[in-house]
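Chemist: The primary structure of each chain is shown beneath.
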Amino acid sequence: MSTHDDHAAGHIASPKLYFAIFGALMVGTAITVAAAFHDFGTLGLPIAMAIAVVKASLVVWFFMHVKYGFPLVKAMMPMAIAFLIVLLGFTLMDYVGRGFPLQ
Amino acid sequence: MADASTMSTYDRRRVVAHQFADAQQQREAATLGMWFFLVQEVLFFGGLFATYAVYRFRFPEAWAEASKELDVMLGAVNTAVLIGSSLTMAMAVHGAQTGNRREQVISLVLTFLLGTTFLVIKGFEYHHKWVEHLIPGPGFQFHGPEAPHARIFFAVYFAMTGMHAFHMVIGLGLLVWLIKNAAQGMYDASYNIPVENVGLYWHFVDIVWIFLFPLLYLVSRH
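Chains as they are written, first to last, in the numbering used here: chain A, 1 to 103; chain B, 1 to 222.
Extracted from the complex, chain B is given alone in its bound form:
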């Protein structure tokens, strides 16, 4: 093995760093690090979910009324789009684990396209809320006695979906990086931790949406 300073980035990443006993330990450390990050992400979103819960229990009628302004169809389609992107992301990890460059690149590009589709649909929804004067602020308009509390619902709606969308944007950036590397043949059976860790992040963002969809779109539909 050549001296580390003369190796390319490609080779250096395959070497076991001196602080690890072996490749497996190095790999497990990377996986564990990602999981610790995700645990604190759960708590980060937990603060938003706690806010949601406090206001929903305090103003149940406003929640029921305001939630009806959201488009169930678009919310359901976006849920399906994200679940589909989780499948393609899982396939990208599979492609990396089996050293199949074609499978990796196709799966990663599909994941990127599905993620983009989600954000475009979300953008149409946001635009519609703008047209309907449902953005909290001086221009906010909501008919009925629950108007002040409906405004809180929409503040929570934009905070939660906005923070989720922000995570999606970061995920799309990471996907571009993976696609570039995967196309160059960077990942295979012996080195694929970036694909797997971005995959963990992507699936986590999917899980957040799995909870957001019923909590925001389906409060009182019967």
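Bound-form chain A, shown alone:
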């Protein structure tokens, strides 16, 4: 096989890393459940979403190989998030305009 093909195959992450990410995601799930049974008031939802964002980021960065991706691939998820912010932000403009905590 040529070195050219080797390069085309991309970076190969170690199984150890994958198992570590798996462990972190399981811990994150446990924290999510534990936090839900604790009364954080109106902060409950932001806390749950923050943990979910961290978990999703781990999946995107390591399992989906964005860490080893070329620049355009790295730009994809931020682009999706930008579109999502427009969609959710403008849809919820009325609620946001009334201030927090939401009534």
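Treat the hints as calculated values from the structure; they're not laboratory data.
Be a bit skeptical, because a hint or two may be false.
As the list claims (entries may be wrong) - Part of the chain A face toward chain B, derived, beta carbon under 10 Å: (1) A13; (2) F22; (3) A35; (4) M49; (5) T91.
What the hints assert, rightly or not - Estimated spans, in silico, between C-beta atoms of each pair: (6) B:F20 / A:I47: 40 to 50 Å; (7) B:H127 / A:L72: 37 to 47 Å; (8) A:D94 / B:V16: 49 to 59 Å; (9) B:A30 / A:I31: 32 to 42 Å; (10) A:K16 / B:P138: 53 to 63 Å.
Just so it is clear, CB atoms sit at the ideal spot from N, CA and C, and this is done for glycine as well.
For this one, chain A is given, so just place chain B on it according to the hints.
Modeler: Then chain B, alone, in the frame of chain A:
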């Protein structure tokens, strides 16, 4: 290299198509194409999440009450099952990249079994909602003043988890295809883009569930 028309499918896939400068560019084009698909999938689910957000902020009490009808234990177990399937999917890609046929097949079969486990658990949950009259429609029953809005919660619950489950079913179909090809030794260090792209799809579906679990099962548990 033989003429393209006389080559087997197996060989043809390894050739750089004429529109690409080299194998790396061909590979990057495939990866980029998959990512564009996933970006529009984010927006597809985004519409569902926007619906969820509008109704949750409008009817917070109904959301708190109705969410308690869901089984946290089953939801948490299913979250763990899906995260486990993402690990085995990542290992399948690793097996393809290193040309390890045994690792590929075992990892893909495990991913398929975990994905199936998720859907079976989901099926038990749906059945329970049916028995409890929590399916939106003429038979819907929910006690308390929030009943009409609780019905909206369950409509959103079934729309979101149903669309997620539909993606899982498609993923399982793709896994069967990968398992068949991997068993025949189709994928190795120089050609493994189908494994990697199905992997990207599978991880994306996992991410959707990572958000669905707290939003649906854990609204107001304290």
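Chemist: Is the shortest C-beta separation between T91 (chain A) and chain B less than 10 Å?
Modeler: holds (5 Å)
Chemist: Looking only at beta-carbon atoms, does the pair F20 (chain B), I47 (chain A) fall within the given range of 40 to 50 Å?
Modeler: holds (47 Å)
Chemist: In this structure, is the beta-carbon distance linking D94 (chain A) and V16 (chain B) contained in 49 to 59 Å?
Modeler: The hinted range 49 to 59 Å holds for D94 (chain A) and V16 (chain B), with Cβ atoms some 53 Å apart.
Chemist: Holds or violated: is there a CB of chain B closer than 10 Å to the CB of M49 (chain A)?
Modeler: It holds, given that the least Cβ distance between M49 (chain A) and chain B is near 7 Å, below 10 Å.
Chemist: Does 37 to 47 Å hold as the CB distance between H127 (chain B) and L72 (chain A), or does it fail?
Modeler: holds (45 Å)
Chemist: Does the Cβ distance between K16 (chain A) and P138 (chain B) fall inside 53 to 63 Å?
Modeler: Given range 53 to 63 Å: holds, Cβ gap about 55 Å.
Chemist: Is the shortest C-beta separation between A35 (chain A) and chain B less than 10 Å?
Modeler: Because about 8 Å separates A35 (chain A) from the closest Cβ in chain B, which is inside the 10 Å limit, the hint holds.
Chemist: Is the hinted range of 32 to 42 Å satisfied by the C-beta distance from A30 (chain B) to I31 (chain A)?
Modeler: holds (36 Å)
Chemist: Would the hint on F22 (chain A) stand, with a C-beta cut-off of 10 Å toward chain B?
Modeler: Nearest chain B Cβ about 4 Å off; hint holds.
Chemist: Minimum Cβ distance from A13 (chain A) to chain B below 10 Å?
Modeler: holds (7 Å)
Hint violations for this structure: none, all hints satisfied.
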